[in-house]
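J.: What follows is each chain in one-letter form.
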Amino acid sequence: MDPSGIFFTSHGSDRALVRTRPQAAALALLIAALALAPLVLSERWIALGYAMFIAMIAVIGLQICTGYAGQVNLGQSAFMGVGAYGCAWLLHFPQMPVVLALVLGGVAAAIFGALFGLTAARIKGFYLALTTIAAQAIFYFLVLNLPGEWLGGAGGLHLDNLQLMGFSLGNDRSIYWLTLAALMIMTTGAFGIIRSRHGRSFEAVRDDDVAAGMMGINVAAAKARAFLVAAFYAGIAGGLWAIALRHVSVEQFTLFNSIWMIAMMIVGGLGSIVGALIGTILIQLAREGVVSLGPQLVDLIPSAGQDIVFASMNVLLGTVIVLFLLFEPKGVMHRIEISKRAYRLWPFPY
Amino acid sequence: MMDFLNYAINGLLLGQVYALLALGFVVIYRASKVFNFAQGELMLLGAYTVWSLSLGANLPPWLAIPVAFVAALAYGWLIERLFFSRLVGESVFSMVMVTIGLVILIRGVVLVIWGAADRQFPALLPTMPVIVGEVILPTSMLIGAGITLALTLSLWYFFNRTRAGLALTAVAEDPCTAISLGIAVKRAVTLAWMLGACIATIGAVILLNGRSLNVLSADVALAALPVALLAGLESIGGLMLAGAIVGIIQSLVAAYIDPKLGGSASSIVPFVFMLFILVVRPTGLFGWRNIERV
Chain A
1 MDPSGIFFTS HGSDRALVRT RPQAAALALL IAALALAPLV LSERWIALGY
51 AMFIAMIAVI GLQICTGYAG QVNLGQSAFM GVGAYGCAWL LHFPQMPVVL
101 ALVLGGVAAA IFGALFGLTA ARIKGFYLAL TTIAAQAIFY FLVLNLPGEW
151 LGGAGGLHLD NLQLMGFSLG NDRSIYWLTL AALMIMTTGA FGIIRSRHGR
201 SFEAVRDDDV AAGMMGINVA AAKARAFLVA AFYAGIAGGL WAIALRHVSV
251 EQFTLFNSIW MIAMMIVGGL GSIVGALIGT ILIQLAREGV VSLGPQLVDL
301 IPSAGQDIVF ASMNVLLGTV IVLFLLFEPK GVMHRIEISK RAYRLWPFPY
Chain B
1001 MMDFLNYAIN GLLLGQVYAL LALGFVVIYR ASKVFNFAQG ELMLLGAYTV
1051 WSLSLGANLP PWLAIPVAFV AALAYGWLIE RLFFSRLVGE SVFSMVMVTI
1101 GLVILIRGVV LVIWGAADRQ FPALLPTMPV IVGEVILPTS MLIGAGITLA
1151 LTLSLWYFFN RTRAGLALTA VAEDPCTAIS LGIAVKRAVT LAWMLGACIA
1201 TIGAVILLNG RSLNVLSADV ALAALPVALL AGLESIGGLM LAGAIVGIIQ
1251 SLVAAYIDPK LGGSASSIVP FVFMLFILVV RPTGLFGWRN IERV
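Line by line, the protein sequences are chains A and B. If you read the first sequence in our numbering, its first letter stands for residue 1, the second for the next number, and so on. If you read the second sequence in our numbering, its first letter stands for residue 1001, the second for the next number, and so on.
Just so you know, the hints here were simulated from the structure itself, not pulled from any lab data. These numbers were taken from a predicted model, which means no experiment stands behind them. Some hints could be false.
Straight-line alpha carbon distances no greater than 27 Å define the calculated DSS-like cross-link-like pairs of lysine-lysine that follow [what the hints assert, rightly or not]:
| no. | chain 1 | residue 1 | chain 2 | residue 2 |
| --- | --- | --- | --- | --- |
| 1 | B | Lys1033 | B | Lys1186 |
| 2 | A | Lys124 | B | Lys1033 |
| 3 | A | Lys330 | B | Lys1186 |
| 4 | A | Lys330 | B | Lys1033 |
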């Protein structure tokens, strides 16, 4: 909802993502602040920053699949793994340029994801989520059982001396800028997808797939497409992860990670791209807080012991997620929208 | 030939234990159309409770197991009271999401109470194999198959022939209509979760007998997924047949194909088989076909 006094004279400006000058200024400030941040922040915050950007890309993909198209996806972590291995392999063996390897890794993940999405032609509802559990099992099997020279088997693949346009990708700052650029491109892309014909068909399928089918939407194709998009986003995130850590191995991509991504999406709010970003920030900050506050808490309560403090933080986070589902299923984003509206309308209630 | 028979029969018995775990999914699904992703975590709670009672409190098995069942009933009751009783009439989507949240929550609780270290699960059932002719049968699996048979028969009777069981089906079909017809929906769902938690504990006792136990043991429940889907998620009677099919296939692949590939093809065969079933016959062997209306 726009403040009063703002009118648009063309359809194009009414549909625009950045609609007013203050919005454009705020966005430019935010991007400038994020881009300049690594010049002042410490190593640890930079590392946390790019870990967040990478997670955000994967969660945006999940948001399109689950939040917009309504398809529960428990394979996001496996899709990320396919992208990571694809990208690492392309960088390691044919020595491709970084950007090309990233995109092709994303495409590999998208194809893998769409294979599972294709089962949507026959399967409805939550059975579809179960095929994504199979994706996880098959990913593990393939990596561990293909010949060791191909994907490194249980040891994983190492990457070193990566370069992008003459800059070395060996330090955390350049990784930060690379992931930030990727996040900006992928976020813009996500807004494009959800405002397009495909995004509208996703929402129609989510709200009622029988009705959507009657209105001429190819329901099975829309579901497969949702998985394709989600897996592509996961694949890009996975490729960036491989570049950032300079190492890929299967244990980085577990079913439990997929569940954490679902938690980020729920806390942020289902059906909102910005919600995916906010949820990821909140959950990642909370987990980082656990890691950094844990030792201090252990000092405070020596009887508890380190294991118990860390584990009880997990209980806390798990409780928060379930409470969100019970009492605020629309997530933090919904609260933000409500308070924005109240601010604009003040002193009137509506 | 004798080897083949050995593998097939052992696969059959393993399949029956999978069928037992799958019963947990089916019972909750029959009562609320919710696919419980936290079934493995319920099993974990049950397993650690049994461990605490028998090794921690030094109770004899004949006392520890019934007390663990009572505890499992309490877990099921508590989960329903805390979470699912607030969601009656809400969409199935949000309930399934809550089960996914429960995965994180229960794992955290288990880590807080029992820690992350590997533990030796007590061998409550005899570990000596029974030898019939040249066929070697693990006793715990044999007992498990017997329990599966007994549970399947009694649950089949309960869901298809008793008033309370049929009420559960009505609740799953449409909670609002069920309420208006005077069925106690919350009580019905509570019953289903208590049954689900209890079945998970039985599965833990049989499957983990004498093996090591840690948080990752919960993943075993995922191996029961293909069985539940092959039978069709609504079918109780079909589980034993489906378990037999999946178990035998897995065991034969482990015996004859794994050595040739040098890997663990047997661990993903059930999942590939599950994908195949879902594409060819999404309702499973005995699942119900629904006609959907706008």
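J.: Would you pick out the hints that fail for this structure and give their numbers low to high?
T.: none
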